[in-house]
Amino acid sequence: CVKLMKFASRSPCHATLLIFLLFSISVLIGAPKANTSQPNITEGGAVFLCSWSQSNCSIINFDKQGTLSSKNLKRGLSYLEFKSHQWFGATVRSHGNSTLACAPRYYWRTECDTPFADVTGTCFLSVDGLNTFVEFAPCRTERHGPAGQGYCQGGFSADFTKDGRVVLGGPGSFYWQGQLISATTEEIVKAYYPSYFLLSVAGQIQTRQAEGSYDDSYLGKKFSWADQMYYLQFRTHLCRAWVWCTCLGCNVFQMGSYFGYTVAATDINSDGLDDLVVGAPLFMSRGSDGHLEELGKVYVFLQRGPLLLEPSQSHLLGPQAFGRFGSSLAPLGDLNQDGFNDLAIGCPYGGEDGQGLVFIYNGHDGGLLDSPAQILTGQWAYSSFPANFGFALRGNTDIDQNGYPDLLVGAFGVDKAVLYRARPIVIASASLTVQPTMFNQEEKMCSLTAGDENTSVSCISFCLEADGKHLPAHLGFVVEVQLDSAKQNQKESIRRTLFLESQQASLVKSFNLAKGDSLCQESKVYLRAEEDFRDKLSPIYISLNFSLDPQAPLDQYGLSPILDYKTEQRIEQKAQIQLDCGEDNICVPDLKLDVECDKSEVYLGDENTLSLTFNASNKGEGGAYEAELYVVLPPEADYSGIARDDLACSYKTENQTRYLVCDLGNPMKSGSSLWAGLRFTVPRPKDSEDTVKFELQVRSKNVNNSESEVVLLELKVAAKADLILQGVSRPDKVIFSPSDWSAHPVLIEEGDVGPELLQVYELVNNGPSVVSQCKLEVKCLLRASGHRLLYPAEIITEGRAFMQVVATVMWSKPDSLFLVPVWIIILAILVGLLLLALLIYLLYKMGFFKRSDPYATTMEKAKLKPQASSEA
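Going by mature numbering (1 follows the signal peptide of the UniProt record, and there is no 0), the letters in the sequence shown line up with residues -30 to -1, 1 to 842, in that order.
FYI, nobody ran anything at the bench for these hints, they're computed from the structure. Note that the structure is predicted; figures quoted are calculated from it, not measured. Please note that the accuracy of each hint is not assured.
[As the list claims (entries may be wrong)] Below, a list of computed lysine to aspartate or glutamate pairs in the DMTMM-like style, where the Cα atoms sit at most 25 Å apart:
no., residue 1, residue 2
1, Lys160, Asp133
2, Lys639, Glu591
3, Lys749, Asp702
4, Lys544, Glu500
5, Lys536, Glu435
6, Lys656, Asp554
7, Lys132, Asp370
Assemble the whole structure, with the sequences as input and the hints as a guide.
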C-alpha cells in the first residue's frame, strides 16, 4: 500500500543515523555523525530540514557555539564541555511548531581539575518554527557521577505528549536505573538563560532514585507516548507506571533478547485505547535443526483498560537470522482505510543481501495480522553494504496531502532517507453468474456459424463495483473471463467451451468505472462438439479475474490507486455437462474384466510370444466415462500389437512403471461388452524370478465405483532345453593281442599298454533355454576276464547326459599244432568218394557222357534245318 518515491539526502558525515520527524510538508532528518561549522568540533552531529517535493536539504543551526572552556591557572585552557561525537540529532521530535533535537552523548566536566567527565546528554528546543532555540539539559546538574545523573545520557529517547509536553528519557541515571524527566515547553523556555551553565526548570517533574534492586533497569531508554498512559502516570507516580511497562518482559520473556529496545503506542484494534508494541531484535528461536537462531520478535499488548495490558496472539517473528527484526517501529495510521491502524517494522539487516527490509503489517480487532501486507526492500541501496535500510522509521503523517498517511525510511549505511507515499486504496468487488449451469448435448439450442450446428449455449454475466476514499473520478479496470480454466495446464485435454463472439476460451475487456458505481456485462458461450474432447465428467470452471488498469493515468498527486489487500480478485463458478445418468447426473458403473492367456509359462532364452484375450463389460447404472484398460507391464515384457483394428492403445510411464492404456469407450455404456486381444513378447525373463506378472484393470473417470477389480496374470518362468549327445570311437575296432597277458602285467613301455582308443563326444543344446550346471558321464569297460583292459579307468566331466559310444575289441592268439584223429580223416575220404560217385551218376543220366557221329548219313543231314545247322 505504499510506493517508493525519489527522495535522498546526503549529509556531510561519515555515517548517519536517520531519525525522522514529519513537519508540515517538510522532513527533519537527524545526522548524528555530521560535521558542522561549529569551531573545534568533530562529528558533532546535525539536523537537516528537507523538502519532500524538491528533495533538497539544508542544515538547521540549533547550536552555533563551540566547546565551552575556562582558564585554569595550573593547566591553562580547560574545556568544560565536549560536543565532538555527541550524536546531536540522534533523537528528533516535533509537535506543531515545536521541535526538539538531542545529543545523548554530550558530556561535560564537573570540576576543572578532574580528568573525568559526565555523559549527561543535552537537547535543544524550538517553539517558533525553527527560528529561535533554547537548551534543555536536565541531567547537567551537581549530582554528577554514576551515582547521580552523571551518566544520564538525557535525550537518548524523547517525545512530545499529545498536548505538547516534553518527555526525556535518561537511561544512565542512578547506576543505570534510568529516569524520566518532563516539563512543558513554556517552562523550558522561561527557565533558559544563555549565561547560566546549570539550569533549573521550574515545574519540571522527574522520577527519583529507587532502591538498589532497580539498578541496570535503563528506564527511559526507549518509549512511545499515549495520552491515556501519560495522565495516569502523572496522577499516580511518574516512575512506577513506566517501570512496569518497560519491565513487561523482565521475568517472563527471553533474557538477552533486548525486549523493550523499541516501543510504539497506537490503537491497533480500534477500541479507543492505545496499545503497546514492543520490539526484541535479538530474540532467539530454535530452528528445525534444533539450533538457536537470532531472528528478532515483536510483541503486541492490547490495552483492555487503563494500563491493563494483555498480550495479543499476534506476536511476530523475524523471517531470517541476524536480520534484527524489530529494531525500529513506526505507527502508520490507517493506511488501507479499513478502520484499524497499521504498523511498520524495521529489519535493517534483512533480505538476501543483508541490505535491510521494512515490513508493513495491517491491524485488525485481534492485533496485527500474521503476514505482512507489503515488504519494502530499498533496492537502490544495494551498492553499499550494509545499507541498514529500515534502521529508522517514521510515519502516521500525510505529507503529500492525498488523504493517506506516508512513511519515511532511513538507511544508515548510505546516508539516505526515502519517502514512501501511500497510494489510494480501492475497495472493489465482483460477481459472476452462469445460466444455465448444465450443458445438455442432447437438447440443442441454436446454430452458431457454418460448421457449428446445433450446439448448446449458456450465458455468462459479471458485475464489478468499486469505492474508496480520496479516489480519482474514474478508475480503469481490466477484466478477464476464462472458460474451463482448470484445463489451462492440461495439454492432453482441450478446453470444452468457447465464447460465442470470439471463438476463444478467454475474453479480456478494459473499461472505466466511476467511483461508487457498478458495471455489468453479459456474454454467451457454447460447448464444443462431442467428439472434440474426452472429459465429460469434471466440472467446467469459469473464472473471472480483475485488476486495476496499469495503463490508467495517475491521479493529481502523481500516484496510481491499488486494490485493498483483502480484495478477492478471482471469482470462480462451475457448470456441468448433462450425462445420461438420471436426475442426479451421477453415473455409477459396474466394471468387470476377464483375462485369458494362450500360455501358462515362459521359457528362459525364448522370445515367448503370447496373446492375452480380455473381456471388459459394464453392468452398472450409467456409462463409464473415459473407460480404459490399464495393463501394468512387467519389466521383462514388451507390447507387440493388438488383435482388433478399432482398439487404440498407447504407452504411459509413471514412477518407472510402464502402462499399456487401451481406450474402451467414452462412455462405455451400461450393458456393453468388449472382447479383444493383446500380443506381447517376453524376451527377457530372469532365472532369478519364479513368475512374470501382468496386472490388468478397467478404469474410468467416474466419481463412484470407477474401477474394476485388478486381475493378476502370472506366468511361470521355466527352463526348456533340447539336448543331443553324439559320439564316435576312433578306431571303431581294436585288435588286442598282448604278448604276455597275465594277471599282473608289468608295464614297462607305452606299447605295453596297448593301442590308443580315442572317443569323441559332442553335446548339442537346441534350446531355447540355456543349460547350466550339467555334467557328462563317460563309462568304460575297465576289466575283462579278471584282467585290466582300458586306461584311464573312468572320466566324469561336469554335466548330466546318458549315452555309450561302443568300440569293438577283437582278440587274437598265436599259432599252435593241432592233431586230427585217423578215423576222422578216413571218414572224410570216404564221404568224399561217395559224393564223387553220386556226381558222376548224375552226369551220366543227363547225357553228359554221350558223343555224336561226325560221319552221319546224308538223310540225317538232310533232316537238319538250315537254322539249326547253322547253329550247330
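We went through each hint and held it up to the structure:
no.	hint	in the structure
1	Lys160 <-> Asp133	18 Å, holds
2	Lys639 <-> Glu591	9 Å, holds
3	Lys749 <-> Asp702	16 Å, holds
4	Lys544 <-> Glu500	19 Å, holds
5	Lys536 <-> Glu435	15 Å, holds
6	Lys656 <-> Asp554	52 Å, violated
7	Lys132 <-> Asp370	23 Å, holds
The structure does not agree with numbered hint 6 stated previously, though it agrees with all others.
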